[in-house]
Amino acid sequence: MRSIKILERVLATIPIMFGVAIIVFFFIRLTPGDPVDIMMGQGGAISAGELDRLREEFHLNEPLHIQLWYFLRDAARGDLGYSYVLKQPVTSLIAERLPATIELAVGALLFSLVIALPIGVISAVRQNSWLDRLSMSTAFLGISMPGFWLGIILILLFSVQLRWLPVQGRISLGTGFQERTGYFVLDSLLTGNFAALKSSLLHLVLPSITLGAPVAAVIARVLRSSMLETLRSDYVTLARSKGVAESWVVIKHALRNAMIPTITVVGLQVGILLGGNMVIETVFGWPGLGRMVVKAIFDRDFPLIQGTVMIYAFTFVMANLIVDVLYTYLNPRIRMQ
Amino acid sequence: MESGKPLLEVRNLNSVFPSNGKIVRAVSDVSFALAEGQILGVVGESGCGKSTLLLSLLRLIRYPGRVESGEMLFREKNIIELSDREMRDLRGKEISMIFQDPLSTLNPAFTVGEQIRESLRLHNIVSSNKLPWPFDGLRRAQEKERVLQIMNEVGIPSPMDRYASYPHQFSGGMQQRTLIAIALACSPALLLADEPTTALDVTIQAQILNLMKRINEDRGTAIILVTHDLGLASEFCDRIAVMYAGRFVEQGTVDEIVENPQHPYTQGLLNCRPRIGERDQTIRPIPGNVPSLANLPNGCAFAPRCSYVKEVCETGPVPMFETDPGHLNRCLITSEYRRQPDWDWGVVVGRERA
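Heads up: the protein sequence lines correspond to chains A and B, in order.
Start counting the first sequence at 0; every next residue gets the next number (numbering that gives the first Met the number 0).
Start counting the second sequence at 0; every next residue gets the next number (numbering that gives the first Met the number 0).
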């Protein structure tokens, strides 16, 4: 029964993606600036015929509804078009950049969970202790600090001053790294190249912290407040009255139930991990989707913007689908009977 | 039953909650003894400290509340002095508790079978082999067998199918039976029942009470039943303690309390009960309100609402008087002492407290 429900949810992503496609199509065409003009720059030594030929090549001379039809028709076949500027298929451009972005997002998510789960639990158990106050004010700082600023500070401290960690990029030269899947940590493991593994992990540290810090702050605060609630609940008193040791009361009875609202928030934070990485990728010279799409927006590279936004939307929908599946596991009350 | 030491003896128990710079005295100067297999009813209005009394016995009062002073001797060992480890061994195994609201008390994330089994496992009731998961299959199977037995005993139909159900799939009565099953899993000597039937409708109430009565008779489990319903307590219990504003005001056998109530509060409680078969009866409620536990009067806490009140009632704390053997009354006016020719507040109080 549950797998049918999951399949239903997967199928429900189709109309969502359709809606996203239409919205992104119209919105980028509403922004001022003509792609061909921008591509040609301020030179002016280009004939009107040349411009028309380019417009024709990109179908920009056709009415909007025809352009939309081409886009949707090709997208349904898995073809997201050709980048105006980079002259390559959008799908292969994305396939090239996506692993970097996902690797960074996973790193940031892991960092934030490793930080936030213990802090959330301990702050709730020791409510109003100095530890609770310290971690909650740090969390507040984590939410309010802009990513680029935190990133630069971390680079200044750990890379420039202390020289512990690399400044930017995904891997150092001279490790003999061979790319297989595009996930550098995974590739290093697959080829058994430990120098490359170490280098790629070290390169991940600062960007993951910068991207994960606000996420960790949100998760810790949500977890703390739901832990405070579950720790006061009757079933926790029942567990204690059975003779369950306090650490198990916290982990098994209180945390299990406190994870239900927390996991929803984690799912929503995936949006921040993807959408918030444009600045972080720029600060750390991380060759991911975020940097590519920012450049594509400046270039009015319509197909590339459309394709990347579709991928963002798809990932976000999938992340929330995974959250829903986890949710039914954690919360039997919403399981199918 | 009369021979030997009581199962539980509580002496001068005081439990307090600090709150906004004041001290809320939820349980003050409570003393009682409970023999093996005996049922004690604790009757009082909501907020009079009944639940805190039960939680004190398990040392489970929520922080910042605490047991301030007194002794709780369970099998002659003072519960207050036990280490955390000893306390955990006591909870669930020797003393267990049934709570008021079964739905919020069962953990929504675990199956009812697992929740009953947890007690068995914690106290190594069925088997003490401690192989870790996944090598504990044999033990798990034995424990499950026992859980099914207990579920059957408390009247959960087709336990096999219900073992893997979640609490929300049960009706209120079934949930309460599950809580009773959890409490009974380790065959405790003492069961603390905190308004176990309040959340249930009347027919289910009767079933649950019958079940508890049967457990008491078959297993000899002593029970402390906390309730606001004097009628229910008088049907179910051997002895009744009437609690008012954190204190026991009267204590005796059911007959003594119902037939010969001495404390004005007990009399008031009985007067505001409708009686079957009497026409045109007047129900006389007790005037006034319960005093705040953070701001108790210096003397008798019931004095502001009492129709017998005299000046002497408000001059200082009132001790318990043993008016008949085993019948205790915390009232200066209605106690037998006032009929003695040499009655003198200072002397009597001094003698009683010494």
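It is possible that some hints are incorrect.
Computed, partial: chain A to chain B, Cβ under 10 Å [said to hold, decoys possible]: (1) Glu-55; (2) Arg-231; (3) Leu-237; (4) Ala-238; (5) Lys-241; (6) Val-243; (7) Lys-251; (8) Asn-256; (9) Ile-259; (10) Ile-296; (11) Asp-298; (12) Leu-329; (13) Pro-331; (14) Arg-332.
To give an idea of the interface, some chain B residues facing chain A are shown, with a C-beta separation under 7 Å as derived from the structure [claimed, not checked]: (15) Arg-87; (16) Met-96; (17) Ala-108; (18) Ala-293.
No lab work stands behind these hints, which were simulated from the structure alone.
Glycine residues also receive a C-beta, built at the ideal position from the N, C-alpha and C atoms.
_Violated hints, by number in ascending order, as checked against the structure_ = 1, 10, 11, 18
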